[in-house]
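Undergrad: Residue numbers (our numbering), protein chains in the order written: chain A, 1 to 111; chain B, 1 to 118.
These are computed hints drawn from the structure, not numbers from a lab. As the structure is a prediction and not an experimental result, all values here were calculated from the model. Some hints here could point you the wrong way.
Derived EDC-like pairs (lysine to aspartate or glutamate); straight-line CA-CA distance at most 16 Å [to be verified]:
#1 B:41 <-> A:5
#2 B:64 <-> B:88
#3 B:41 <-> A:7
#4 A:69 <-> A:53
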Amino acid sequence: SQQGEEDPQALSIQEGENATMNCSYKTSINNLQWYRQNSGRGLVHLILIRSNEREKHSGRLRVTLDTSKKSSSLLITASRAADTASYFCAMPIQGAQKLVFGQGTRLTINP
Amino acid sequence: GAVVSQHPSWVICKSGTSVKIECRSLDFQATTMFWYRQFPKQSLMLMATSNEGSKATYEQGVEKDKFLINHASLTLSTLTVTSAHPEDSSFYICSAPGLAGRGTLSQYFGPGTRLTVL
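Bound-form chain A, shown alone (with noise of 0.2 Å):
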């Protein structure tokens, strides 16, 4: 089954600094959509890009989606420690909307 690809698995970063993320995926998407999730908490959206879109903003939040090579980025910029979590891509498969996760990524911010 199609699984978004995450990489790094698990990034440290200090405090102010701006920190990536990278999915990739397999198959044709009609949306890729990044999701927080806190250590032993449920999800938190934090933002869709639909496949027509090439890159969006949301706060401190900037998604990149690039059909052609199968990749998205999300990018925070000025970390906070409150922004320590696990961070997962996600792509509704077979145009259903149920969701297929990546790996995620654990995203320390060191103070």
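Got chain A; can you put chain B on it based on the hints?
TA: Just chain B, lined up with the frame of chain A:
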């Protein structure tokens, strides 16, 4: 925004017992809900699609007799882990599609249920 709740938030049970987890859409109706399982430090894996008024659709490798799903109303889906064993210990998360801004559909996730089987 739309809210999805799960109950219980955590449960500990003995091996061999059955555990029921509820997923509710609080302020919207959901004819479809999804159940995911997440092992520690791993990603979410889709288990099944819960369909109101009909049988659930299970992903490959998920035992339907082990994980019973009932979607009895437009706001409630239940997942019952039957004869639970320690390897069933996991974080179970449900989601439901609902309308977001500008008429778009979005997935709303429950807070998850942590199951520990002793």
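Undergrad: Each hint should be assessed against the structure and marked as holding or not.
TA: Do the hints match the structure? See the list:
Taken as a hint, the residue 41 of chain B and residue 5 of chain A pair is honoured in the structure, with Cα atoms around 15 Å apart against an allowance of 16 Å. Distance check on the hinted pair: residue 64 of chain B and residue 88 of chain B sit about 14 Å apart at the alpha-carbon level, within 16 Å; holds. Among the hinted pairs, residue 41 of chain B with residue 7 of chain A is consistent with the structure: their alpha-carbon atoms are about 15 Å apart, no more than 16 Å. For a cut-off of 16 Å, the pair hint linking residue 69 of chain A to residue 53 of chain A stands: about 14 Å separates their Cα positions.
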